[in-house]
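J.: All chains should be modelled from the sequences, with the hints used to inform the complete structure.
Here is what each chain is made of, one letter per residue.
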Amino acid sequence: MARPTKKSPVQPLQKTPTGIMGFDEITGGGLPTGRPSLICGEAGAGKTLFSIEFIVKGITQWGEPGVIMAFEEKAEDLETNVASLGFDLKKLQKDKLLWIDHVHVDRSEIEETGEYDLDGLFIRLGYAIDSIGAKRVMLDTIENLFGGLKNEGILRAEIRRLFSWLKNKGVTTLITGEKGEGSLTRQGLEEYVSDCVILLQHRVVKQISTRLLRVIKYRGSLHGTNEYPFLIDEDGISVLPVTSLLLNKDISSKRISSGIPTLDEMFDGKGFFRSSSVLVSGTAGTGKTSIAAYFADATCRRKERCIYFAFEESPQQIIRNMQSISIDLQQHIDTGLLQIHAARPTLYGLEMHLVAIHKTVKKFKPRVVILDPITNLVTIGSMPEVKSMLIRLIDFLQEEAITVMFTALTFNKDATVQTDEGVSSLVDAWILVKDIEWNGERNRGIYIMKSRGMKHSNQVREFVITDNGLELVDVYLGPEGVLTGSAREAQQLSEATGIELRTHALNRKDRELDRKRLVLEAKIASLREEFESVQDELNKSFQDEDLKKEIMERNREQLTKNRNTRNSADDKTKQ
Amino acid sequence: MKEKQAAGEQAGHEETPEWVLRLFITGATPNSVRAVNNIRSICDTYLEGRYSLQIIDVYQEPELAQQEQLIALPLLIKKFPLPERRLIGDLSETDKVLKSLGLSI
Numbered sequence: 003m004a005r006p007t008k009k010s011p012v013q014p015l016q017k018t019p020t021g022i023m024g025f026d027e028i029t030g031g032g033l034p035t036g037r038p039s040l041i042c043g044e045a046g047a048g049k050t051l052f053s054i055e056f057i058v059k060g061i062t063q064w065g066e067p068g069v070i071m072a073f074e075e076k077a078e079d080l081e082t083n084v085a086s087l088g089f090d091l092k093k094l095q096k097d098k099l100l101w102i103d104h105v106h107v108d109r110s111e112i113e114e115t116g117e118y119d120l121d122g123l124f125i126r127l128g129y130a131i132d133s134i135g136a137k138r139v140m141l142d143t144i145e146n147l148f149g150g151l152k153n154e155g156i157l158r159a160e161i162r163r164l165f166s167w168l169k170n171k172g173v174t175t176l177i178t179g180e181k182g183e184g185s186l187t188r189q190g191l192e193e194y195v196s197d198c199v200i201l202l203q204h205r206v207v208k209q210i211s212t213r214l215l216r217v218i219k220y221r222g223s224l225h226g227t228n229e230y231p232f233l234i235d236e237d238g239i240s241v242l243p244v245t246s247l248l249l250n251k252d253i254s255s256k257r258i259s260s261g262i263p264t265l266d267e268m269f270d271g272k273g274f275f276r277s278s279s280v281l282v283s284g285t286a287g288t289g290k291t292s293i294a295a296y297f298a299d300a301t302c303r304r305k306e307r308c309i310y311f312a313f314e315e316s317p318q319q320i321i322r323n324m325q326s327i328s329i330d331l332q333q334h335i336d337t338g339l340l341q342i343h344a345a346r347p348t349l350y351g352l353e354m355h356l357v358a359i360h361k362t363v364k365k366f367k368p369r370v371v372i373l374d375p376i377t378n379l380v381t382i383g384s385m386p387e388v389k390s391m392l393i394r395l396i397d398f399l400q401e402e403a404i405t406v407m408f409t410a411l412t413f414n415k416d417a418t419v420q421t422d423e424g425v426s427s428l429v430d431a432w433i434l435v436k437d438i439e440w441n442g443e444r445n446r447g448i449y450i451m452k453s454r455g456m457k458h459s460n461q462v463r464e465f466v467i468t469d470n471g472l473e474l475v476d477v478y479l480g481p482e483g484v485l486t487g488s489a490r491e492a493q494q495l496s497e498a499t500g501i502e503l504r505t506h507a508l509n510r511k512d513r514e515l516d517r518k519r520l521v522l523e524a525k526i527a528s529l530r531e532e533f534e535s536v537q538d539e540l541n542k543s544f545q546d547e548d549l550k551k552e553i554m555e556r557n558r559e560q561l562t563k564n565r566n567t568r569n570s571a572d573d574k575t576k577q
Numbered sequence: 790m791k792e793k794q795a796a797g798e799q800a801g802h803e804e805t806p807e808w809v810l811r812l813f814i815t816g817a818t819p820n821s822v823r824a825v826n827n828i829r830s831i832c833d834t835y836l837e838g839r840y841s842l843q844i845i846d847v848y849q850e851p852e853l854a855q856q857e858q859l860i861a862l863p864l865l866i867k868k869f870p871l872p873e874r875r876l877i878g879d880l881s882e883t884d885k886v887l888k889s890l891g892l893s894i
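Protein sequences appear in the order of chains A and R.
The opening position of the first sequence corresponds to residue 3 in the working numbering, with each subsequent residue numbered one higher.
The opening position of the second sequence corresponds to residue 790 in the working numbering, with each subsequent residue numbered one higher.
A couple of the hints might just be wrong.
[Claimed, not checked] Just a sample of chain A residues kept apart from chain R, beta carbon distances all over 10 Å, derived:
1. Lys-93
2. Asp-103
3. Val-107
4. Asp-121
5. Arg-126
6. Gln-189
7. Thr-285
8. Asn-323
9. Trp-440
10. Met-554
[What the hints assert, rightly or not] Cβ pair distances, simulated, as ranges:
11. R:Ala-817 to A:Gln-63: 35 to 45 Å
12. R:Leu-887 to A:Ser-110: 10 to 20 Å
13. R:Pro-872 to A:Ser-384: 55 to 65 Å
14. R:Leu-887 to A:Lys-98: 43 to 53 Å
15. A:Ser-110 to R:Ser-830: 35 to 45 Å
[To be verified] Calculated lysine-lysine pairs in the DSS-like style (CA-CA distance at most 27 Å, straight line):
16. A:Lys-76 to R:Lys-888
17. A:Lys-152 to R:Lys-868
18. R:Lys-888 to A:Lys-152
19. A:Lys-152 to A:Lys-76
20. A:Lys-256 to A:Lys-272
21. A:Lys-389 to A:Lys-364
22. A:Lys-256 to A:Lys-152
23. R:Lys-868 to R:Lys-888
24. A:Lys-76 to A:Lys-92
25. R:Lys-885 to A:Lys-152
26. A:Lys-563 to A:Lys-542
27. A:Lys-367 to A:Lys-256
Hints are computed from structural coordinates only; laboratory data are not their basis.
From the three backbone atoms N, C-alpha and C, an ideal C-beta is built for every residue, glycine too.
T.: Now the structure itself:
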C-alpha cells in the first residue's frame, strides 16, 4: 500500500480537491479523503465526466495517481470521449500515473455453479492501486455487475465489503451510479456509501436544458445544499456556486463617471461608485444602449478595459449606431480596451451564458462590464432563473471589483412599478429612462430610481439624443405639469415673450406716471402762486390798516398836543 | 509459469487433451477449496484421461486478474472444446457444471 492516510480521531475531515471549478467551493475543499463518495444521476448527466475529471485533475494538479475501473466503456472509448477536453489518458497511462481497467461482465458467458465472491475484482483493484500508488479511484458504474451476475445477495454483500475495503486502503473513491426509480441509484448503492452523495440532474425547461448538481449528503462537513447549475464545455465541468456564502466583499468609495456629465451631476456630481452595479431600464427605444455606449466610451477613455455583452445587436451594428451620436467605439476596440461579445440568448442556456461571461471576464480582466439587455435572457429562462443568474453574476463581478451596467427593457408602460427581472433589489443604482408621450410627441425622461449610499437628484430630466451625443435637459415644470420636447421649447419661448411684454408694459406705465407727476407738480406750482398772491393781498390790506391806524394815531396825538399847549398858557397866567 | 503451476494436475495421457480447463482460485478460502475438490471429482468421474486442468492462485499472480477479466471467484474457464465457457462459484451444482462442460448425459 503506497500511502496510508492516517486518520487521527480528533482531526477534522480531510478533503481531497477535485479540481472541478466551483465544486471544491461548494463542498469546502472537495471529496472526503480516503472515503468512498457516490455520484449519481440519469444517463448523460455527466457522472463519468465528473469522475474522470476528478482523476485526471488529481494527477495533473496534485500529482495523485488514479485508477479508473470502467464497467461500461472500454479504455479506448474513454480515451476518445475525454480527448476533446484535452485529457490525454494514453500518456498518463504510459507515465504510470493512471491505470484504466475495463471490467467486462457478460451474463451469457457466465454460468453460476455455486458460492462465489468478488475477490477477483478486489485483487484487480488492489493490484492496480498498488502498482501506481494510486490515491484516487473511480468506479464507473459498478452497478453493471448486477447485470452480469445473478446472485444479488452475494453482490450486495460484496459491494459493501468492497467499499469498506477501499476505505481501509485509504483511497478517495468516486463511485458512479445510474439513477433508479424512487431511489438515487438502481441498486440502492447510497445505502453503502454513507459519506458523500452527489446528485447530478438534467432539467429541460423551454427546450433548453440545464444541468444541476446537488450535494445530498456530506457527513462530517458543511456543504452548500442548493442545486448548483453546472456546465460541460471544452474545459470540462464548471459548477457555479449560486452565491458566495457571505456578503463580505470589499467595497470601494471611489467614483467613476458615467460618461455623461449631466448624468453624473444627478449622481451627486460624481457618477457611480466603482464596482457597483447599475441598472438602466426603460421602454423600447429610450436610449438605453446609448447610455451604455457612453459608459463604455468613458471607461476606455480612462484607459480601463471594458467588456460589452450584447444580446440584441451585433458588434458592427452597435458600432455603427453609436457613431450616429458621435461615439466611436471602434477606436477602443482597436486599442484593445474594449471587447464586444454578441450572442443570441437562445444560443445556449443561462448557465452557459453565465460561464461564458465568467470566462471572458477572467481572461480579459475588465474594470467595467456591460450587459445589454438582460431582459432578452428571459426568453431562455424563467424570471427566477434569470434573477438567480444575475445574482451570481453580480456577486462574481463585485468580488472582482468590476463595475457592471445592465440595461433592461420594460414592457409595462408604467415602468416605475415594474421591478425589472426583480434585479432592482440587487443593483446599487437604478436609472430609469421613460417615454413621455404628450402633445403628439414622444420624449424621453430620465430619472434615478435609486442610488445606494449617495445623494442623488430626485428630478426628472429630459433626455435628448442629438447628433453630438446625449444631453440631459431640465424639464419644464409648469402649472400644466411636466413639459418636454417641443412643448418645453414652446413654453420656454412663450416665457421669454412674456418677460419681454411685461417689461414693455412696465415701461409705458412708468412713463405715464412720470407724466402724471409732472402734471401734479405743475399744479402744485400754480396753486402755490395763487396762494402767494392771496397772501400778498392779505398782507397789503393789513399794512393799509396799520398805516391808517398809525396816521390816525399821529393825528390824535397832534390834536391832544395842541389842546395841552393852550391849557399851559392859562396856567402861566394864573401863576 | 502457468504451466509450472499446473504441473501435477496433468491427468491426461494423450498429447492433446480434449478438455482444457483452468481454475482460478484465491488461496485456501472455503470457496476455493470446495471448487478444487468439486472439479477434480467431476473430471475424474467424467473425463478420465481426457483433460488438462490448470489451477491458478490469483493471489500469487494478481496481474492475471485484469488479463483474464476476473471478477467473481472461483472461476473455471473451459478453453476447449469450444465455445469457451466461464463457470463461477464453487462448482457444487454438478448438473450445471456438466452441462456447461458439454458433458450432460
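J.: Are the hints correct? Go through all of them and say.
T.: Status of each hint after checking the structure:
no.	hint	in the structure
1	Lys-93	holds (20 Å)
2	Asp-103	violated (5 Å)
3	Val-107	violated (6 Å)
4	Asp-121	violated (4 Å)
5	Arg-126	violated (4 Å)
6	Gln-189	holds (16 Å)
7	Thr-285	holds (68 Å)
8	Asn-323	holds (65 Å)
9	Trp-440	holds (82 Å)
10	Met-554	holds (174 Å)
11	R:Ala-817 to A:Gln-63: 35 to 45 Å	holds (44 Å)
12	R:Leu-887 to A:Ser-110: 10 to 20 Å	holds (19 Å)
13	R:Pro-872 to A:Ser-384: 55 to 65 Å	holds (58 Å)
14	R:Leu-887 to A:Lys-98: 43 to 53 Å	holds (45 Å)
15	A:Ser-110 to R:Ser-830: 35 to 45 Å	violated (27 Å)
16	A:Lys-76 to R:Lys-888	violated (31 Å)
17	A:Lys-152 to R:Lys-868	holds (23 Å)
18	R:Lys-888 to A:Lys-152	holds (18 Å)
19	A:Lys-152 to A:Lys-76	holds (23 Å)
20	A:Lys-256 to A:Lys-272	holds (9 Å)
21	A:Lys-389 to A:Lys-364	holds (22 Å)
22	A:Lys-256 to A:Lys-152	violated (70 Å)
23	R:Lys-868 to R:Lys-888	holds (15 Å)
24	A:Lys-76 to A:Lys-92	holds (13 Å)
25	R:Lys-885 to A:Lys-152	holds (15 Å)
26	A:Lys-563 to A:Lys-542	violated (31 Å)
27	A:Lys-367 to A:Lys-256	holds (19 Å)
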